[in-house]
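J.: Go ahead and model the full structure; you've got the sequences and the hints to work with.
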Amino acid sequence: MSKFALNTALPRYLRAEQERVEAVAREYGLDFFPVIFEILTYDQMNEIAAYGGFPSRYPHWRYGMEYEQLSKSYEYGLSKIYEMVINNNPSYAYLLEGNSLTDQKLVMAHVYAHVDFFKNNFCFRSTDLDQKGNIIDPVRKTSPYDPDRRWIDKMANHGARVARHIERHGINKVEDFIDRCLSLENLIDPWQPFSGRGTTKKGDEEEDEKPIEVPRLRAKEYMESFINPEEYIEAKKKQLARDKPERKVPERPERDVLGFLLDHAPLERWERDVLEVIRDEALYFVPQRQTKIMNEGWAAYWHSKILTEKILDASEIIDYADNNAGVMATAPGRLNPYKVGVELFRYIEDRWNKGRFGREWEECNDLDAKRSWDMRLGLGRQKIFQVRALYNDVTFIDEFLTPDFVLEQKLYTFGFSGRNDRFEIESRQFRDVKEKLLFSLTNFGDPYIRVIDANHQNRGELLLEHQHGGVDLRADYARETLVSLVRCWKRPVAVATRLDNKPVLLRYDGKEHSMTPYKL
Amino acid sequence: MSLKIDQDHGRFRQIVRGRIRQNLRKYISQGELVGRKGKDLVSIPIPHIDIPRFRYGDKQRGGVGQGDGNPGDPIHGGDEKQPGQGQAGSDAGEHILEVDVTLDELAAILGEELELPDIQDKGKNKISNAHDRYSGIRRVGPESLRHFKRTYREALKRMIASGTFQHDKPVVVPVPDDKRYRSWKTVTEPVANAVIIYMMDVSGSMGDEQKEIVRIESFWIDAWLTKQYKGLESRFIIHDAVAREVDRDTFFHTRESGGTMISSAYKLCSQIIDADYPPDEWNIYPFHFSDGDNWSMDDTLACVDVLKNKVLPRANMFAYGQVESPYGSGQFIKDLREHFGRDERVVTSEIRDKDGIVGSIKDFLGKGK
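Chains X and F are the protein sequences, given in the same order. Just so you know, we're using UniProt numbering here: the first sequence kicks off at 1 and counts up by one. Just so you know, we're using UniProt numbering here: the second sequence kicks off at 1 and counts up by one.
I should point out that these hints are in silico values taken from the structure, not numbers from a laboratory. Small disclaimer: the values here were computed from a predicted structure and weren't measured.
Distance windows between CB atoms, simulated:
#  : chain 1 : residue 1 : chain 2 : residue 2 : range
1  : X       : Phe444    : F       : Gly330    : 57 to 65 Å
2  : F       : Asp177    : X       : Leu101    : 17 to 25 Å
3  : F       : Asp208    : X       : Met515    : 34 to 42 Å
4  : X       : Asp319    : F       : Gln7      : 35 to 43 Å
5  : X       : Asp374    : F       : Gly136    : 48 to 56 Å
6  : X       : Gln131    : F       : Gln7      : 28 to 36 Å
7  : F       : Phe148    : X       : Ser100    : 20 to 28 Å
8  : X       : Lys490    : F       : Tyr327    : 56 to 64 Å
9  : F       : Asp177    : X       : Arg20     : 24 to 32 Å
10 : X       : Asp319    : F       : Asp50     : 35 to 43 Å
Positions of the beta carbon are idealized from the N, C-alpha and C atoms, including for glycine.
T.: Following this line, the structure appears as structure tokens:
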């Protein structure tokens with residue numbers, strides 16, 4: 001089954017625990033893909049974690065970097081990875097050898113909730129594959145839902161493809177190109193899989209090559225050459241051809257820059273292949289980035305519920321509480337997605353249990369009445385299942401973060417104080433917290449970049465636009481990224497943005513960078 | 001077991017080493033590496049190799065946190081790694097990776113970069129020293145070493161497991177089986193078998209910048225010699241017209257005025273060797289830093305005499321580093337070269353500014369003595 005040559009099957013006593021946890025999870029209504037647990041030593045764990053969970057990805061130094069960080073921080077006792085779970089059907093989950101039995105049970109319950117989330121949250125439908133392993137249009141959902149998500153295989157195929165190119169072209173050349181592609185990795189459209197156009201668009205191209213028809217006046221056949229003289233028709237045809245509006249590429253601004261490059265950049269075959277690999281893998285990780293808070297919150301909610309209500313006996317509860325507290329700990333200047341997520345889910349459950357929603361609740365201004373508001377509806381469980389299916393982090397926070405919650409959870413915003421040369425708490429106001437949180441979640445905190453014109457100034461140059469939302473691009477990084485774009489586009493590339501409140505055009509022509517004032 | 005990651009990791013190390021190589025000069029001169037933490041661990045902030053992307057600039061720094069505090073309060077440890085659970089990296093980190101390099105690794109990199117030869121040990125017996133360290137827990141031991149917290153926890157566990165714990169009356173009574181004791185391990189450590197005697201001129205003409213250079217340079221000398229010898233001692237002598245022995249801190253922070261009698265330091269150095277470091281057991285490295293402005297020619301001759309007859313016969317080498325200063329005449333190095341020009345045991349080096357540090361380390365340690 002599993003392709004990697006690790007002897008990692010669960011020992012029998014853990015298998016028994018797995019079956020128990022699975023049964024309880026199902027009883028609670030969790031709905032998951034089959035889960036295959038494997039048990040790993042810490043260095044195997046670090047290795048697989050460095051590869052983002054996929055043991056046979058394409059080779060690249062950044063996995064080595066990741067590995068060094070993970071293993072060093074494990075060796076110095078700063079952190080350890082308890083579990084990892086892969087969004088795949090069937091799902092793979094890795095346990096760390098040598099964890100206590102209580103920890104293993106916690107992890108199993110946690111994993112089942114993650115897999116439930118993978119299966120049911122709408123964002124993850126964009127990782128469904130077709131028979132050939134291409135990402136498909138996920139809008140249609142079958143019933144019963146059993147999608148093809150063999151990403152382990154797909155990633156292994158990617159590994160083999162890249163390895164082949166390395167063999168042919170040499171590691172340095174390929175790795176250098178991968179670095180260039182990774183520098184563009186975030187220039188994808190997270191919602192592209194939902195656009196119904198497949199991963200890369202084909203097919204529109206035939207349309208525009210229709211012959212030009214010149215409208216003719218009606219005439220009897222023998223009068224035709226007088227009423228519609230050939231010379232006139234020819235001249236008109238030429239004029240129409242000249243006046244025909246230049247077909248703009250792209251027709252609309254395109255967020256999927258990588259897809260655009262795949263379709264239009266003059267790439268060599270191996271380059272195109274590598275770029276496609278990078279883009280597919282970037283798209284795979286999108287849903288996990290879109291639902292970090294929810295996914296971890298959901299898993300934390302369930303591991304605590306399953307363990308404390310059904311699985312643990314009294315002798316294990318202290319160890320469990322100790323470990324759970326470690327997971328939920330908040331460090332200053334950092335938001336722990338586990339903590340915020342689980343608290344928000346519990347808060348929602350409580351509100352819907354007590355009927356604290358809807359117009360009546362919103363319009364009630366009596367603080368006392370609100371405090372003791374309890375309509376005993378018991379809708380909480382139902383509501384959180386619905387939320388886990390239909391929201392992502394942005395909409396989750398946008399809809400359910402309330403001033404009460406911010407106060408209760410002691411959320412604050414912080415920023416860098418240049419005056420004191422340190423990070424400081426800035427505000428505890430609801431508006432500020434929500435705004436900053438949403439800002440950091442929207443588009444994963446990355447700027448919006450779109451392709452505007454593939455034939456800028458009629459010179460085949462690529463023009464991108466940064467939709468400036470109040471924060472400038474980091475200029476040195478932007479310049480380096482332009483170099484990567486030129487590597488793919490092979491013609492000058494420019495990005496229109498604003499720096500220090502002035503519209504500017506950052507351009508790289510393959511030799512020199514320039515910055516000129518610009519009006520879009 | 002060989003892991004697939006080794007290949008990628010090896011490649012990353014190569015890149016990092018390459019980076020250190022390129023920037024090593026810069027790092028040394030800027031003293032970025034001098035943050036010594038703990039016993040032998042140095043944390044160098046090597047920038048995570050960050051693949052450049054379109055992203056927001058600095059104005060965006062900050063975010064949302066959770067916890068106590070009022071607006072305006074500083075956030076402590078905002079950069080610390082978070083303990084606890086971590087999940088596979090589905091998003092690229094925004095943080096700077098601090099690659100921890102042990103002092104050993106650092107010295108290895110230094111050696112590689114400067115092509116330093118390994119030192120030929122004088123071949124003394126290594127003497128070891130034993131001492132005890134409390135590092136574990138056992139079930140038996142003297143009552144004075146009882147670990148209260150562990151004992152209490154065991155008792156609590158037992159009572160919960162056996163159902164005798166009463167929530168309304170939470171009394172925990174340990175029985176002998178619950179008791180836990182601290183235990184120790186005997187650690188043997190080799191006694192230092194190399195000593196560095198640092199001497200520095202603190203006369204009025206040595207400014208802060210000059211002392212900073214000495215500090216950085218001595219850090220690297222320490223690092224290299226520590227790698228070469230299992231144990232290393234350092235002694236510090238400052239001098240103007242008179243010399244005295246001080247601790248490390250004082251050494252780097254004293255500012256005095258007055259004249260310069262270098263011979264005073266050399267005499268003291270010789271006395272220290274006499275008293276504490278029999279040369280057949282010790283590798284001895286005197287280093288002297290000055291701006292080269294000695295009081296008189298007579299004193300210089302006295303220095304030459306002490307070096308020739310007392311210090312050099314016993315030391316592995318004698319190193320003199322001359323820091324350029326606007327006030328010093330810089331004569332001393334010329335005198336030394338005149339008298340010891342052919343003597344391999346005397347190494348002299350001029351350090352113009354911070355960028356000169358690398359070259360001078362190479363001068364000092366390049367002979368493999």
